[in-house]
Amino acid sequence: MVSCQLALQYVHIRQCLLVVDRVMFFGTFQLLFGWVFLLNSRWEEERYTDGSKWRFLEHKGPVFAPPYEPLPNHVKFYYDGKAMKLSPEAEEVATFFAKMLDHEYTTKDIFRKNFFKDWRKEMTTEEKAKLTDLKKCNFTEMSEYFKAQSEARKAMTKEEKQVSKENERILQEYGFCIMDNHRERIANFRIEPPGLFRGRGDHPKMGMLKRRIRPEDIIVNCSKDSKHPEPPPGRKWKEVRHDNKVTWLVSWTENIQGSIKYIMLNPSSRIKGEKDWQKYETARRLKKCVDRIRNQYREDWKSKEMRIRQRAVALYFIDKLALRAGNEKEEGETADTVGCCSLRVEHIKLYPENDGQEYVVEFDFLGKDSIRYYNKVPVEKRVRTKAAFFIYLFIFCTSILNKHLQELMDGLTAKVFRTYNASITLQQQLKELTNVEENIPAKILSYNRANRAVAILCNHQRAPPKTFEKSMQNLQAKIDAKRDQLSDAKRELKSAKADAKVRKDEKSKKTVETKKKAVQRIEEQLMKLEVQATDREENKQIALGTSKLNYLDPRISVAWCKKWGIPVEKIYNKTQREKFAWAIDMADEDFEF
DNA sequence: GTAGAGACTTAGAATTCGATAC
DNA sequence: GTATCGAATTCTAAGTCTCTAC
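The first sequence runs -14 to 578 under the working numbering.
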């Protein structure tokens, strides 16, 4: 606990020191406050005991999507083969569809149906009467126009620079806020532009119109004593709130699901960094009592109460397979996806014996983001018997499960098991796979393999990149060329050696040395390419970044780097290093998760 | 105890950036 | 200088979990 507090304090101190770096942007005023903040630690304690998340918050408000620009007259929309001028409202919605014309979405019935229904709401009475069949609508010319525009944008190098200057200006003006005397980066300061809703999987609402968000929809959150963000001229905010128990700066309600959207801080901010660190500390606490909890749920399999037996089986799956909790969802409102507690009978098959293994459970269901989870696992005999009850009779409620977990350990929820099992797997895999003899590229391949083991555990998949085959071919071509280069270099070395044997002079000896070095250099380059190819092939369908960013305690990776003298830059890019700054500064070689 | 709102994290796809080869 | 392609970044959907009102 003491070390946790020290670490937390350290993070705060580091944040204050960062103010020095930021003085270029922010001036000495900020620097001065940074140090006052550093010295006034009592202030900190107060913030953590009264439940507030901040003392002072000031920002400029959100950046709205640019207004709709009507299409030039020569770009036509056709209905039933005839050109037709649409009203601006209907035209805007039509452009959303036109921009997606090449996408598979526009071929799906639900998407088309939802789009057409919402599009008609934006039409004038005459348009409504005339446009009755989506099949007769021709958006090709619109689509071609947008494609040409995007090509032209790519070609304009100089003007592009103007755009990025403008982006930088907007970033500096709206992309930062002041929270407790620190200038913090805002994650998503731009309001989501209007468009067509793209749900994942078979989403019943795909294609619906995501309406334009106006200042009147926006709730702004800031300090009472701050300079409040101004709405655009002649407009009003929905509300200006001063709630320091929450971390969001701006919120609005979206029209598809009726859920609230937020503008929050960047992962590099103090508020997010501390939360992340706490998450890993909870997972480390689980490590200390996981044996007791595992014994307990094994014991519970024998319980006379079915409720307890089922709970124990669910927990076993969450622990062993890193399944998500699986909250209940409103039927028909979202894609049909499940997690552990919402599994249904059709998602599981039970085998007394399968492929030479006893008591096998086969899982086949769509999880978060409609990613398929398929796994066949041998389980303990009792589980198989209880699982039969579980899937027939029980749809377990996650809040009851979490309540039980809370009793087992303070702060324990189903999600903590995922964090714990992911991090401990990485630590074990790194120990197992890192070979002392290997050079840095080979060690990094081992590091990536350890990461992949975690990604497989957490079922982090991605669609193979469209350019995958081509990129593999390119890499293979490079490897072949390098191999040719190597055999040429070896041949040259051989002949230089023979030459030196005959001549026996200094010049030919030097030539041999130079040729030797060339061979070594090419061998190293070749190995690097081969490692890269292996890595890319193994990564084909695995979303490596997800586990790396959300489940793996960065101190494990940083400690591994320190142990093998590998620069942290080799495993974390700039953004990742900013997010994990707390860990990079703190972790040492002996860190044990 | 339960439903729903609210706040926050986790997630893969889409887009943009920038290094490299020519 | 430009084209290409992989990496980095952005975007926003889709989860988890807590809290509150009944």
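Since the hints were made in silico from the structure, they are not lab data. Don't be surprised by glycine CBs; every beta carbon is placed ideally from N, CA and C. A portion of the hints provided could be inaccurate.
Claimed, not checked - Restricting the straight-line Cα-Cα distance to at most 25 Å, the calculated cross-link-like pairs of lysine to aspartate or glutamate (DMTMM-like) are:
(1) K45 to E153
(2) K212 to D202
(3) K84 to E54
(4) K548 to D573
(5) K366 to E259
(6) K190 to E290
(7) K260 to D520
(8) K361 to D395
(9) K547 to D520
(10) K106 to E54
(11) K260 to E554
(12) K223 to D340
(13) K257 to E54
(14) K106 to D202
(15) K246 to E266
Unchecked claim - Ranges between beta-carbon positions, derived for each pair:
(16) D94 to P55: 48 to 56 Å
(17) N420 to D340: 29 to 37 Å
(18) E523 to P55: 34 to 42 Å
Would you check the hint for K260 and E554, treating anything up to 25 Å between C-alpha atoms as holding? This hinted pair holds, its Cα atoms lying about 24 Å apart.
Taking the Cβ atom of E523 and the Cβ atom of P55, is their distance within the range 34 to 42 Å? violated (49 Å)
Please work out if K223 and D340 have their alpha carbons no farther apart than 25 Å. violated (62 Å)
Pair hint outcome, K246 versus E266 [Cα-Cα no greater than 25 Å]: Judged against 25 Å, a Cα distance of about 28 Å means the pair is violated.
Regarding the pair K190 and E290, is the alpha-carbon distance no greater than 25 Å? At roughly 41 Å apart (the allowed maximum being 25 Å), E290 and K190 break the hint.
Holds or violated: K361 to D395, with C-alpha atoms at most 25 Å apart: It is violated: about 33 Å lies between the C-alpha atoms, which goes past 25 Å.
When you check the alpha-carbon spacing of K212 and D202, does it fall within 25 Å? Distance of about 20 Å is within 25 Å: holds.
Holds or violated: K547 to D520, with C-alpha atoms at most 25 Å apart: This hinted pair holds, its Cα atoms lying about 22 Å apart.
Proposed proximity, D202 with K106 (alpha carbon, max 25 Å): Between K106 and D202 the Cα gap is close to 20 Å, so the pair holds against 25 Å.
Would the hint linking K106 and E54 be met if the CA-CA limit is 25 Å? Holds, at roughly 20 Å.
Quick check on a hinted range of 29 to 37 Å for N420 and D340, using CB atoms only. holds (31 Å)
Could you check the hint for me, namely that D94 and P55 are 48 to 56 Å apart, CB to CB? violated (30 Å)
Checked against the numbered hints above, the structure violates hints 5, 6, 7, 8, 12, 13, 15, 16, 18; every other hint is satisfied.
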